[in-house]
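Number of protein chains: 2
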Amino acid sequence: MTPLSARALPVANHQEPLQRSVPRADRVPNKKIIRELNIKVTTQRLMILDVVRNGPSHFTAQDVFEAVAARHPEIGFATVYRFLRTLSEHKYVTEVRMGGMPARYEWAGKRHHDHLTCASCSKIVEFENTEIERLQEKVAKQFGFSLTGHVLELYGICPECRAKENAADRR
Amino acid sequence: MTPLSARALPVANHQEPLQRSVPRADRVPNKKIIRELNIKVTTQRLMILDVVRNGPSHFTAQDVFEAVAARHPEIGFATVYRFLRTLSEHKYVTEVRMGGMPARYEWAGKRHHDHLTCASCSKIVEFENTEIERLQEKVAKQFGFSLTGHVLELYGICPECRAKENAADRR
DNA sequence: AAGTTAATTGCGAATGACTTTCATTATCAG
DNA sequence: CTGATAATGAAAGTCATTCGCAATTAACTT
Ligand SMILES: [Mn+2]
Ligand SMILES: [Mn+2]
Ligand SMILES: [Zn+2]
Ligand SMILES: [Zn+2]
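Just so you know, the sequences run in chain order S and D.
The numbers in my numbering rise by one with no breaks, and the one at position 44 of the first sequence is 211.
The numbers in my numbering rise by one with no breaks, and the one at position 89 of the second sequence is 256.
Since the hints were derived computationally from the structure, they do not count as laboratory data.
There may be inaccurate statements among the hints.
Copies of the same chain are indistinguishable here, so a pair counts whether it falls within one copy or spans any two.
[Stated by the list, open to error] When the alpha-carbon atoms are kept at most 30 Å apart in a straight line, the in silico DSS-like pairs for lysine-lysine are as follows:
| id | residue 1 | residue 2 |
| --- | --- | --- |
| 1 | K290 | K258 |
| 2 | K277 | K308 |
| 3 | K305 | K331 |
| 4 | K290 | K331 |
| 5 | K277 | K207 |
| 6 | K277 | K331 |
| 7 | K290 | K199 |
| 8 | K305 | K277 |
| 9 | K258 | K331 |
Could you build the full structure based on these sequences and the hints that come with them?
Listed below in C-alpha cells is the structure:
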C-alpha cells in the first residue's frame, strides 16, 4: 500500500472488532467528556453521548433521538439537536450537511477521513488519502488562504449496485 | 504552472473579460436552450435563464427571484425553483447545497472546478486541480466504485481577512 | 441534608428553504 | 385561430432544525 493509495477505514456496517488509532479517547468516560465542556452532566447528555460513541457511525439527529427514546421516552428533539451542536462546536463530532438531506454526524475520535458514498444504496466507505490532503493545502496556499477545513465527498455506484444494474439491463 | 498546481478561474467578483473554454455555449440563445429541453418557452423561463447566464455566479434561488422580480414582479418562487431544478437535472447548472444554507447554483457552461471559500467574508475562489481529480478517480476505483460525482469545498481565511484579524489582535 | 439558583429540559410554536396543489393563464401544434 | 396541454403564481404543506419559555434539575452553598 503506497502512501498515495487510499486506505479503507473500518465502517460500522462491515466492521470487525479491531484496535483503533485512538484507543484512549474511546475509554474516557462520558461523564468526563461532558465535564470538560463546563456544562452540567445530565442523564440525557449521558445517554446521547453513549449513542453517539457506541452506536453506528454516520447517524442523523433522528437516529440519536430514536435510540435514546427507546430507553428514555421523555427525551426531546431540541435536547438532541442542542447537544449535538455543542459536541460539534467542540469538535467531538463532525457534522456533514449535504444535498438537502438531514445532517449526519460522526464521533470525531477517529482519524480524519473522507467519504465515498454509493448514490444508489447509500453505502458509505471511509477513506483517507494523504496526497489529496496535501494537494488541498497546496491549493489554499496558492491563493494565500490558510486552510481551516474541507468537505470531500465522492459519489459513485458501488460494485454490488453496479452488478444489480447490469443484471436488470441484460433482462 | 505545473500540472500539479491549481489554476485560478475567473470569478464574477474579480473578473476581467477573457476568452472562455466554452465560448460557443455562451452564444446559444436562451430560447434555443429551453427548446432543447422540450418544454415551453415562457417569458419567465427566458428571464430566469438570462439571470442565470449573465448575472453573477454562485447565486441562490433568492438572488434569481429578486433579479427577475425587478423587471417582472409577478414572478413566483415556485417558478424559479422549478426551472432551476430542471436546469440542474439537465446539467445546465450545477447545484451545491452545503452547511444548511440555501443552495447555490452556477451556470455549468464553464470548465469543471471546485471552490475555496473564505470562512470569514464568504469570498469564493474557483480552482481546478487535475491531480486531485485524478486521485479521486483512483480512490473510487480502489473500492470498486464507478465515480459519478464529487463535492470538494475548501474552507479557509483569505489573505485580506487574515490581515484584518492580525490588525485587530495587535490592537 | 436542605436550600438556592442558574443551567437544562421538553413542549409547542416558529423558521427557512423548498415543494406541492390547484385554479387560472399562456404556449404552440395543427 | 383554437383547443389540448403545459406552465404559472398564490397559498398551503413539508421537513429539518431552532426558539421561547415554564417547569425541572444539577451543582453549589449553607
Ligand atoms: Mn466517516
Ligand atoms: Mn464556481
Ligand atoms: Zn450501492
Ligand atoms: Zn475573507
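Task: Hint numbers contradicted by this structure - done: Hints 6 and 7 not satisfied by this model.
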